[in-house]
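With chain A held as given, fit chain B onto it using these hints.
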Amino acid sequence: MLRLMTVFALLFAMTAPASAQVTTDDPRAATGGAQTLEDILRRQEGLVMDDSFRSDVTGNPANAAPITDQLGTRGGASDPDLWRAYRYEVADLSTQARGPAVTTMIQDRGMWWQAFREGPLVLMTAALLGGTLALLALFYLIRGRIHIDGEKTGRTITRFKAFERFGHWLLASSFILLGLTGLVSLLGRKVLIPTFGHEAFSGLAIASKWIHNNVSWAFMLALVIVFVVWVVHNIPDRTDLKWLAKAGGLFGGDHPPAKKFNAGQKLIFWAVIILGGSISASGISLLFPFEFNMFAHTFSVINGWGVPGWFGLPDLPYPLLPHEEMQFAQLWHAIISLVLTAIIIAHIYLGSVGMEGAFDAMGKGEVEEQWAREHHSIWADEVLNTKPSKSEA
Amino acid sequence: MKAFLVSLVALVVITVGANQILIRVGPSSAEATVSNDNVRLSD
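Chains A and B, in that order, are what the protein sequence lines are.
This note's numbering applies: residue 1 is where the first sequence begins, and numbers increase by one.
This note's numbering applies: residue 394 is where the second sequence begins, and numbers increase by one.
No lab work stands behind these hints, which were simulated from the structure alone.
Each residue gets a CB set at the ideal place from its N, CA and C atoms; glycine is no exception.
A few of these clues could be false.
[Stated by the list, open to error] In silico BS3-like links for lysine-lysine, alpha-carbon gap of 25 Å or less: (1) A:260 / B:395; (2) A:364 / A:209; (3) B:395 / A:387; (4) A:209 / A:387; (5) A:260 / A:152; (6) A:387 / A:161; (7) A:364 / A:387; (8) A:364 / B:395; (9) A:260 / A:242; (10) A:260 / A:364; (11) A:161 / B:395; (12) A:364 / A:161.
[Unchecked claim] Distance ranges between label pairs, derived from CB positions: (13) B:419 / A:242: 45 to 55 Å; (14) B:415 / A:199: 27 to 37 Å; (15) A:60 / B:419: 38 to 48 Å; (16) B:419 / A:190: 54 to 64 Å; (17) A:89 / B:394: 49 to 59 Å; (18) B:402 / A:319: 23 to 33 Å; (19) A:364 / B:415: 32 to 42 Å; (20) A:47 / B:394: 54 to 64 Å.
Extracted from the complex, chain A is given alone in its bound form:
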């Protein structure tokens, strides 16, 4: 009996300190100040949490043992203290390697990027590209192919010269290659590796990266060519408002007047120039890592204007770590590219199966005179008044 009571007394004595810790006000008393299961769950859910209980515990030089004692060279920091210092970017690091990002050992603030890239961004890709294709299929079912209404004349007029078509096709072929290889990079880990396996994806990924990095220069050159040769014809004017008011005659059958480019084509032109330019800038930033930082300064200016506050949002992050610059560049590059791809899919549809006679403009450079009169009446009048059309016979 006495032995049993001794065991009970011992057990009580062992559990007493633990129960004393649990009953205190410190929510992490039970873990001795370390994070609790609740902290981990909050972090996994992406909820905002005050993690100063971790970020502030990075060692205390005042507690350091003398240099001659055991662990005295640690300077008052344990291993976990040092790892926390790496994680929260407060460690005083020096490295033999030289570069802008070599002292970033752990990038805690990059977790949201990884989660966004592997989740919402993949869904966004499927929704945007799949949704565009579905809408075009629906449009084709409802509206069908847009035919030339009047009787064909058999005569053609020159719509695009050889150099214009060269610029267009250089832009188109490079864009398609960049789009496909970009999708390989974007969807590799989540879609292609689970489907085809690591080994098959490896070769594809290496080839895609090479093509994507090097074809980009052809895209940028073509963007400049297209801008130079067509910008004069794409300045918005009053005829565009009339064209837009009638939705380009897509549904009514009535063709609103248009110059060389109608308002829809002008919108595509400016989308290609502005979005394509932005994709090029972020692409160069990614091509030469850490050399061209676009986002920290931009965020600083936007915060200075108070823009996030207009929408009840906190300020954008500033300053940014080198890796964060690359992460924002990657997201911007991918999202803007997806938006432009959706626009270009619609452009390809209307320029090929969607409209009779449209492909000839870029295929041969010559268009049926009646097609020109219906879709670009002002331009057709100008051309025909200065230069007679050619007979196809």
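Okay, now just chain B, sitting in the frame of chain A:
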């Protein structure tokens, strides 16, 4: 379609050319961060 075919040839030339120029001229992020030279700690 001659313009299209010429653009494809130009695409290949620009792609390979850009790659060769970048290899020869740089800048290489690898070269910016490492060196093959020995480290001299003192004279």
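Outcome of the hint check:
With a C-alpha separation of about 23 Å, the suggested pairing of residue 260 of chain A with residue 395 of chain B holds against the 25 Å cut-off. With a CA separation close to 33 Å, the supplied pair residue 364 of chain A and residue 209 of chain A exceeds the 25 Å bound. Restraint check for residue 395 of chain B and residue 387 of chain A: the C-alpha separation of about 24 Å stays at or below 25 Å, so the hint holds. For the hint linking residue 209 of chain A to residue 387 of chain A, the alpha-carbon distance of about 48 Å lies beyond 25 Å, and the restraint is violated.
Between the alpha carbons of residue 260 of chain A and residue 152 of chain A the distance comes to roughly 20 Å, so the proposed pair stays at or under 25 Å and holds. For the hint pairing residue 387 of chain A with residue 161 of chain A, the CA-to-CA distance comes to about 15 Å; that is within 25 Å, so the pair holds. At roughly 18 Å between alpha-carbon atoms, residue 364 of chain A and residue 387 of chain A fall within 25 Å of each other, so this suggested pair holds. Taken as a hint, the residue 364 of chain A and residue 395 of chain B pair is honoured in the structure, with Cα atoms around 8 Å apart against an allowance of 25 Å.
The hinted pair formed by residue 260 of chain A and residue 242 of chain A meets the criterion: a straight-line CA distance of about 15 Å does not exceed 25 Å. Between residue 260 of chain A and residue 364 of chain A the alpha-carbon distance is near 17 Å, which keeps this suggested pair within the 25 Å criterion. With a C-alpha separation of about 12 Å, the suggested pair residue 161 of chain A and residue 395 of chain B falls inside the 25 Å cut-off, and the hint holds. For the suggested pair residue 364 of chain A and residue 161 of chain A, the alpha carbons sit about 9 Å apart, so the restraint of at most 25 Å is met.
Hint check: residue 419 of chain B to residue 242 of chain A, Cβ distance near 53 Å, so the stated range 45 to 55 Å holds. Between residue 415 of chain B and residue 199 of chain A the beta carbon distance is about 28 Å. The supplied range of 27 to 37 Å therefore holds. The supplied range of 38 to 48 Å is met by residue 60 of chain A and residue 419 of chain B, whose beta-carbon atoms lie about 45 Å from each other. Range check, residue 419 of chain B to residue 190 of chain A: Cβ separation about 34 Å, and the 54 to 64 Å hint is violated.
For the pair residue 89 of chain A and residue 394 of chain B, the beta carbons lie near 56 Å from each other, so the given range of 49 to 59 Å is met. Our hint of 23 to 33 Å for residue 402 of chain B and residue 319 of chain A is violated, since their Cβ atoms are close to 46 Å apart. For the pair residue 364 of chain A and residue 415 of chain B, the supplied restraint of 32 to 42 Å holds, since their beta-carbon distance comes to about 37 Å. The given range of 54 to 64 Å is respected by residue 47 of chain A and residue 394 of chain B, whose C-beta atoms sit roughly 57 Å from each other.
The structure does not agree with the numbered hints 2, 4, 16 and 18 stated previously, though it agrees with the rest.
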